[in-house]
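S.K.: Sequence:
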Amino acid sequence: MSAPSRSTDLVDLDMLASSLSKRGVRVEDAGPGAAPWTDGTAIFVDLAAPRRTQLRQLCVQCALLAAGSFEAGLLKAVKRRPTLAARYLVLEAHRALLALDAVLPPLARSLIDPGLAGRTASPADSLSLARTSEPLPATPTDFGVVNVRALLSAAPVATGSSTDAPRHIPRSAQQALTELDDTAQADEEDGEDTVSSPVGGGGGIGKLLQRLFEQVRSLKEGGAPGADAPTHSSRSGARGAVRSVTSSASADSLDGLLGPRRGILYPEWDTHRGAYRADWCTVNEVAAQADAHASVEWLAGHALRKPLARLGMGLDRIHRRAQGDDIDIDAAIESQLERLAGSAPDEAVYVESLRLRRDLSVLILLDVSGSATQDSPAGGSVHVQQRDVAAALTTVLHEVGDRVSLYAFHSQGRQSVNLTPVKRFDEALDSAVMRRLFGLVPGAYSRLGAAIRHGASVLIEQGGTSRRLLVVLSDGLAYDHGYEPGYGRADARKALAEARRDGVGCLCLSVGASTDTESLRRIFGSAAHASVPKADRLAGLIGPLFRSALRNGEAKRRIA
1 MSAPSRSTDL
11 VDLDMLASSL
21 SKRGVRVEDA
31 GPGAAPWTDG
41 TAIFVDLAAP
51 RRTQLRQLCV
61 QCALLAAGSF
71 EAGLLKAVKR
81 RPTLAARYLV
91 LEAHRALLAL
101 DAVLPPLARS
111 LIDPGLAGRT
121 ASPADSLSLA
131 RTSEPLPATP
141 TDFGVVNVRA
151 LLSAAPVATG
161 SSTDAPRHIP
171 RSAQQALTEL
181 DDTAQADEED
191 GEDTVSSPVG
201 GGGGIGKLLQ
211 RLFEQVRSLK
221 EGGAPGADAP
231 THSSRSGARG
241 AVRSVTSSAS
251 ADSLDGLLGP
261 RRGILYPEWD
271 THRGAYRADW
281 CTVNEVAAQA
291 DAHASVEWLA
301 GHALRKPLAR
311 LGMGLDRIHR
321 RAQGDDIDID
331 AAIESQLERL
341 AGSAPDEAVY
351 VESLRLRRDL
361 SVLILLDVSG
371 SATQDSPAGG
381 SVHVQQRDVA
391 AALTTVLHEV
401 GDRVSLYAFH
411 SQGRQSVNLT
421 PVKRFDEALD
431 SAVMRRLFGL
441 VPGAYSRLGA
451 AIRHGASVLI
461 EQGGTSRRLL
471 VVLSDGLAYD
481 HGYEPGYGRA
491 DARKALAEAR
501 RDGVGCLCLS
511 VGASTDTESL
521 RRIFGSAAHA
531 SVPKADRLAG
541 LIGPLFRSAL
551 RNGEAKRRIA
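Numbering (full-length UniProt numbering), first residue to last: 1 to 560.
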């Protein structure tokens, strides 16, 4: 019997917990009135308490996990010593919360005692101070308890073993709070959302953000040829604005990603003011790190080939045909002259339109933000499901003769929207491309609007065909610093509308995620979109979805 599905509120809490704790965790009910605690794989809070209390309890446990407060050696030191454990908890929780201050919601920040938090610099320091006789304040109720037995039983996951792959932050706690506190909110497509602030910590959070992201796997050189070339241009305002060419860059470390760099500037739609923020987001193209052990055995023959084989066929107008949908003027005149001259006229006086050549370019945008690390109901992670679909689409479209490009994206504030070219349009599909794809590691956030704008720009300028399609593979969570739920949704919808006005068909797919259709509609608006539970279910849907997206883009282009 399959496990019961989790409510939308619990799924949102799971995502928030995973974002703050930098690991895949779930949220469970501790019971009415029970103190919050964690075993490292689940966080137990009082789900009968008010929502604000739940979130405070959750933020504390997440901060402790993210700060490495439950290392096995420390836990053994406080085992069977409840007083010492409580003193350690009050010191370490303040320190851990302060380390996450840049992304905590106000209700969690209010728990921090800066003076107490600044007295220790590590879990070991907190334990040393807790062992002294110095008076300390009582442990706040929302801090919960240290469940030593459960944490040690769950090791090494709970204790933050260095062998664990780092899980990074898909969105900030403040953004999650906005959404969770207003679960009844329903956006009208392209309508305003006034429940969250567009002003946030994007770009200017310095050392705190670096500490928060210190475990992120570095993006290193070795990707696609020309990834560092200044070959892309920026949209510095609303549609029709002048574009300026700037240099893209790669980075060898996270410090490089966060440091001052030149990039490609794009506007962002501020739904609260009803206007664009010009040159607001900086997109950087960073080289991919290849996985030398990636398997490419599945490259040939895939279930998607048949439904995609007849898409993207351009019309060729063939003259002097016996039948057709137009008159060939030259042939008709010659036929009439032959008739007047007494000769047998040629009846092939028509122009026939036939689809004989491929005329489609497709750019696939793969979301590799931290929320993709969530477990998929179909098995594995959402990232694995969507990565496999990206690989299959790229392979099949390349095989049938379409021009195809694949980019991955995540962000760390508006000044670091990072897109990784896995395959460019003019690049061959080979094992190097697949190793770059399989070397992608999910992390950080998803500033979806900027990624869509850059993808559409690349597609328009480098696609080289009259029919263009942008495919976004994402769980639909548009979150980043200062990119709260309603604000992010409105900007993503606006970016998709801009692309369609420029004649780009847009298709948004959520594969293997628990995102429901209504949630996708709220972020993707009227663009073609679908939620697919498993990658192998896509074959029966992909043809109609592609056709719908292409028709929509072509219709918008004709109207414009």
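Heads up, a few of these hints could be off.
Below, a list of computed lysine to any residue pairs in the SDA-like style, where the Cα atoms sit at most 25 Å apart [claimed, not checked]:
1) K306 / T139
2) K534 / D279
3) K306 / S153
4) K534 / P135
5) K306 / A117
6) K76 / L10
7) K534 / E554
8) K306 / A344
9) K79 / L107
10) K76 / D39
11) K76 / L136
12) K79 / S153
13) K76 / T132
14) K76 / A117
15) K306 / R149
16) K534 / T465
17) K76 / R51
18) K79 / S128
19) K306 / H293
20) K79 / P137
21) K306 / H272
22) K79 / A138
23) K76 / S122
24) K79 / R149
25) K76 / W37
26) K306 / D39
27) K534 / E427
28) K76 / A99
29) K306 / L136
30) K306 / G464
31) K534 / A348
32) K76 / V11
33) K306 / H398
34) K306 / R547
35) K306 / D325
36) K534 / D502
37) K79 / V11
38) K306 / A539
Simulated from the structure, these hints should not be mistaken for lab results.
S.K.: So, for every hint listed, does it hold in this structure?
M.R.: Here's how the hints hold up against the structure:
At most 25 Å may separate the alpha-carbon atoms for a hinted pair to count; K306 and T139 exceed this at roughly 63 Å. Annotation: proposed proximity of K534 to D279 is violated, straight-line Cα distance about 38 Å (limit 25 Å). With a C-alpha separation of about 50 Å, the suggested pair K306 and S153 falls outside the 25 Å cut-off, and the hint is violated. For a cut-off of 25 Å, the pair hint linking K534 to P135 is broken: about 56 Å separates their Cα positions.
Using a Cα cut-off of 25 Å, the hinted pair K306 and A117 is violated, with the two alpha carbons roughly 61 Å apart. A hinted pair counts as satisfied when its Cα atoms are at most 25 Å apart, and K76 with L10 does not qualify at roughly 32 Å. Note on K534 and E554: the hinted pairing is violated, with a Cα-Cα distance of about 30 Å set against a maximum of 25 Å. For a cut-off of 25 Å, the pair hint linking K306 to A344 is broken: about 45 Å separates their Cα positions.
Note on K79 and L107: the hinted pairing is violated, with a Cα-Cα distance of about 31 Å set against a maximum of 25 Å. Among the hinted pairs, K76 with D39 is consistent with the structure: their alpha-carbon atoms are about 14 Å apart, no more than 25 Å. For the hint pairing K76 with L136, the CA-to-CA distance comes to about 22 Å; that is within 25 Å, so the pair holds. Under the criterion of a C-alpha separation no larger than 25 Å, the hint pairing K79 with S153 is consistent with the structure, at around 13 Å.
Straight-line distance between C-alpha atoms of K76 and T132 comes to about 18 Å, which keeps the hinted pair within the 25 Å bound. For the hint pairing K76 with A117, the CA-to-CA distance comes to about 23 Å; that is within 25 Å, so the pair holds. With a CA separation close to 55 Å, the supplied pair K306 and R149 exceeds the 25 Å bound. For the given pair, K534 sits about 31 Å from T465 by alpha-carbon distance, which is inconsistent with the 25 Å threshold.
A threshold of 25 Å between alpha carbons decides the hint, and for K76 with R51 the separation of about 33 Å lies outside it, so the pair is violated. Straight-line distance between C-alpha atoms of K79 and S128 comes to about 15 Å, which keeps the hinted pair within the 25 Å bound. Distance check on the hinted pair: K306 and H293 sit about 30 Å apart at the alpha-carbon level, beyond 25 Å; violated. For the given pair, K79 sits about 21 Å from P137 by alpha-carbon distance, which is consistent with the 25 Å threshold.
With a C-alpha separation of about 45 Å, the suggested pair K306 and H272 falls outside the 25 Å cut-off, and the hint is violated. A C-alpha spacing of about 19 Å is found between K79 and A138, which places the hinted pair at or below 25 Å, so the restraint holds. As the CA atoms of K76 and S122 are separated by approximately 17 Å, the hinted pair is consistent with the 25 Å bound. For the given pair, K79 sits about 8 Å from R149 by alpha-carbon distance, which is consistent with the 25 Å threshold.
Pair hint K76 plus W37 holds up; C-alpha atoms about 17 Å apart against a cutoff of 25 Å. A C-alpha spacing of about 48 Å is found between K306 and D39, which places the hinted pair above 25 Å, so the restraint is violated. Note on K534 and E427: the hinted pairing is violated, with a Cα-Cα distance of about 29 Å set against a maximum of 25 Å. Between K76 and A99 the CA atoms are separated by roughly 24 Å; this keeps the pair inside 25 Å, and the hint holds.
Taking the CA atoms of K306 and L136, the gap is about 69 Å. The hint is violated against a cut of 25 Å. Distance hint between K306 and G464 is fulfilled; the C-alpha atoms sit about 24 Å from each other, no more than 25 Å. Among the hinted pairs, K534 with A348 is inconsistent with the structure: their alpha-carbon atoms are about 51 Å apart, more than 25 Å. Distance hint between K76 and V11 is unfulfilled; the C-alpha atoms sit about 33 Å from each other, more than 25 Å.
With a CA separation close to 13 Å, the supplied pair K306 and H398 stays within the 25 Å bound. For the given pair, K306 sits about 14 Å from R547 by alpha-carbon distance, which is consistent with the 25 Å threshold. For the hint pairing K306 with D325, the CA-to-CA distance comes to about 28 Å; that exceeds 25 Å, so the pair is violated. Restraint check: the Cα-Cα separation between K534 and D502 comes to about 32 Å, which exceeds 25 Å; the hinted pair is violated.
Between K79 and V11 the alpha-carbon distance is near 33 Å, which puts this suggested pair outside the 25 Å criterion. Note on K306 and A539: the hinted pairing holds, with a Cα-Cα distance of about 9 Å set against a maximum of 25 Å.
In the structure shown, a violation is registered for the earlier hints numbered 1, 2, 3, 4, 5, 6, 7, 8, 9, 15, 16, 17, 19, 21, 26, 27, 29, 31, 32, 35, 36, 37, in ascending order.
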